[in-house]
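> So you can see what is in the structure, the chains are spelled out below.
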Amino acid sequence: MRMLINSPQTVVTDALRGMAAAHPELDVDVERRVVVRRDARAGGRVGVVSGGGSGHEPLHAGFVGPGMLSAACPGEVFTSPVPDQMVRAAAAVDCGQGVLFVVKNYTGDVLNFEMAAELAAEDGLRIERVLVDDDVAVTDSLFTAGRRGTGATLFVEKIAGAAAEEGAPLERVAALARRVDECSRSFGVALSACTTPAKGAPTFDLPDGELELGIGIHGEPGRERRPMMSAREIAEVAVGAVLEELTQIGPADGPVLALVNGMGATPLLELYGFHAEVARVLAGHGVPVARALVGNYVTSLDMAGCSVTLCRADEEVLRLWDAPVRTAALRWGL
Amino acid sequence: MRDAEFFRRWMAAAAAAVEREADRLTELDSPIGDADHGSNLLRGFTAVRAALEAEPVPAAPGAVLQLAGRTLISTVGGASGPLYGTLLRHTGKALGESAQVSDAELREALSEGVGAVARLGGAAPGDKTMLDALVPGVAALGTSYRAAGSAAEDGALATVPMRARKGRASYLGERSIGHQDPGATSSALLLGALADVAEPAGAR
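Each protein sequence line maps, in turn, to chains A and B.
Following the numbering used here, the numbering of the first sequence begins with 3 at its first residue and continues without gaps.
Following the numbering used here, the numbering of the second sequence begins with 131 at its first residue and continues without gaps.
Misleading hints may appear alongside valid ones.
Output of the computed footprint for chain B on chain A, the stretches with three or more beta carbons under 8 Å from beta carbons of chain B [unchecked claim]:
#1 16 to 29
#2 81 to 89
#3 318 to 326
Residues from chain B that face chain A, not an exhaustive set, calculated with beta carbons under 8 Å [what the hints assert, rightly or not]:
#4 166
#5 169
#6 203
#7 205
#8 207
#9 209
#10 212
#11 223
#12 227
#13 228
#14 248
#15 249
#16 250
#17 296
#18 301
#19 303
One-sided and incomplete, this derived list gives chain B residues near chain A with beta-carbon spacing under 7 Å [claimed, not checked]:
#20 165
#21 170
#22 232
No lab work stands behind these hints, which were simulated from the structure alone.
Quick caveat: nothing in here was measured; it's all calculated off a predicted structure.
Quick reminder that beta carbons are idealized off the backbone N, C-alpha and C, glycines included.
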């Protein structure tokens, strides 16, 4: 293992210290692991708080700022944060308008945010929760913990954050967030396993010349292993799987937001090449791409590979997507 | 009858067992989870040990377990934090405020704790979770503490051929088969630690 770290025990704390140093516009509580937008309480807005295991950077702390998240709680690597962090974050951003928790569908995140919501409610805060579950690779949800939350988290956080910035009330922000989740689907592909600092070795063996289809973002193997394919072939499988489900929830030729997301170790050269194939497959299906985003946004440490997320977008969602945002990892219009 | 000191020793023994087995738990968590079960529990139980050493030991067994449970919820994260925290908190609550509890009362309280874990996780035995060790383990408490430890260990081993239906391992579907569940394994450690402090004569 060769990693640019001091020790597996301090990897999250060290990253937060760096984030504090690089982004004075953020209020980073390194000890308690809460990242807050400095002016979170100035606007009388609904708070939008998210969090999850570390290792997915820039998600979520990289999306804290005007037009997106009010605060984020980073957990240990691939481990949900604890309720204390979420309660603290909610209290730090609440100005009487209530707080939306954006929760990815993993048992740990769900349970910890559930406990946090109860505790915050006991403190008198109004809390709504939205569960992000967009991963089509998990189909037999009766026998699993349900679809995983992956790339659509970025869409949900951007749209909810923009709505909150506009002054929308909590119920409205939550309803929009749920709608974005319901209209989004993702599919991921791994070309290598990732290495968690604690284990120091790849989380699964992926022999040369093979790839793993239908992966999540925690280094867990996917649903199927196949011989290596070209970007064109992978795009056909991934987009095909996503569209198959999307056609059940919206007009087949409606415009989409498209995210081609790198898992952490795939260069932009490859991601853009892959996006070209994604756009080609979508065009072949008559699906217009209203907006596209290509880059590393919801990563899985040093995993090579990518995911495709599509969201059926109406005019309101597009308007909120285009609304100004200024965070460490996503910024436009400001 | 068991007093608060007994429960403090149980938690200390659990912490020692987690420390001893942390690497193995993480190894088991590697093929079907995300390779951190050992390090997460180690962080939690280290905090539990510190909490029970730093403060004057609570006078009641129930309070010891509730403090341990709260500490796990505040330090572990993931699914293990809320689940283990709930197990100990609910067991502690069920023990009430008595300074001494009987073995029968402990058995009853543990059943309630296990029930709370099942409700929180929405899981049942056979889903390849910690319940596969806890349920048979607590059932065997009627016989002896040692029997409970063994039954929990057998329960953990019995998760190998199961297909996971809860938690992150469930995403692997068929591919979760053939691996021992790390949560069931650590649950067996917890009941094994209880056996070690309750019946030290039969030490392993």
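> Determine for every hint whether it applies to the structure shown.
Verification of the hints:
1. 16 to 29: violated (count 0)
2. 81 to 89: holds (count 6)
3. 318 to 326: Check failed, 0 qualifying residues.
4. 166: Check passed: Cβ of residue 166 of chain B comes within 5 Å of chain A, closer than 8 Å.
5. 169: 5 Å, holds
6. 203: Constraint on residue 203 of chain B satisfied, holds at 6 Å.
7. 205: 7 Å, holds
8. 207: 4 Å, holds
9. 209: 4 Å, holds
10. 212: Since the shortest Cβ distance to chain A is 4 Å, the answer is holds.
11. 223: Because about 15 Å separates residue 223 of chain B from the closest Cβ in chain A, which is outside the 8 Å limit, the hint is violated.
12. 227: This interface hint is violated because 22 Å lies over the 8 Å limit.
13. 228: The hint is violated - residue 228 of chain B has no Cβ within 8 Å of chain A, the shortest such distance being about 27 Å.
14. 248: 13 Å, violated
15. 249: The hint is violated - residue 249 of chain B has no Cβ within 8 Å of chain A, the shortest such distance being about 12 Å.
16. 250: 7 Å, holds
17. 296: Because about 6 Å separates residue 296 of chain B from the closest Cβ in chain A, which is inside the 8 Å limit, the hint holds.
18. 301: 6 Å, holds
19. 303: Constraint on residue 303 of chain B satisfied, holds at 7 Å.
20. 165: 4 Å, holds
21. 170: OK, holds: residue 170 of chain B within 7 Å of chain A, min 6 Å.
22. 232: Violated: closest Cβ of chain A sits about 31 Å from residue 232 of chain B, beyond 7 Å.
Checked against the numbered hints given earlier, this structure breaks hints 1, 3, 11, 12, 13, 14, 15 and 22; the rest are met.
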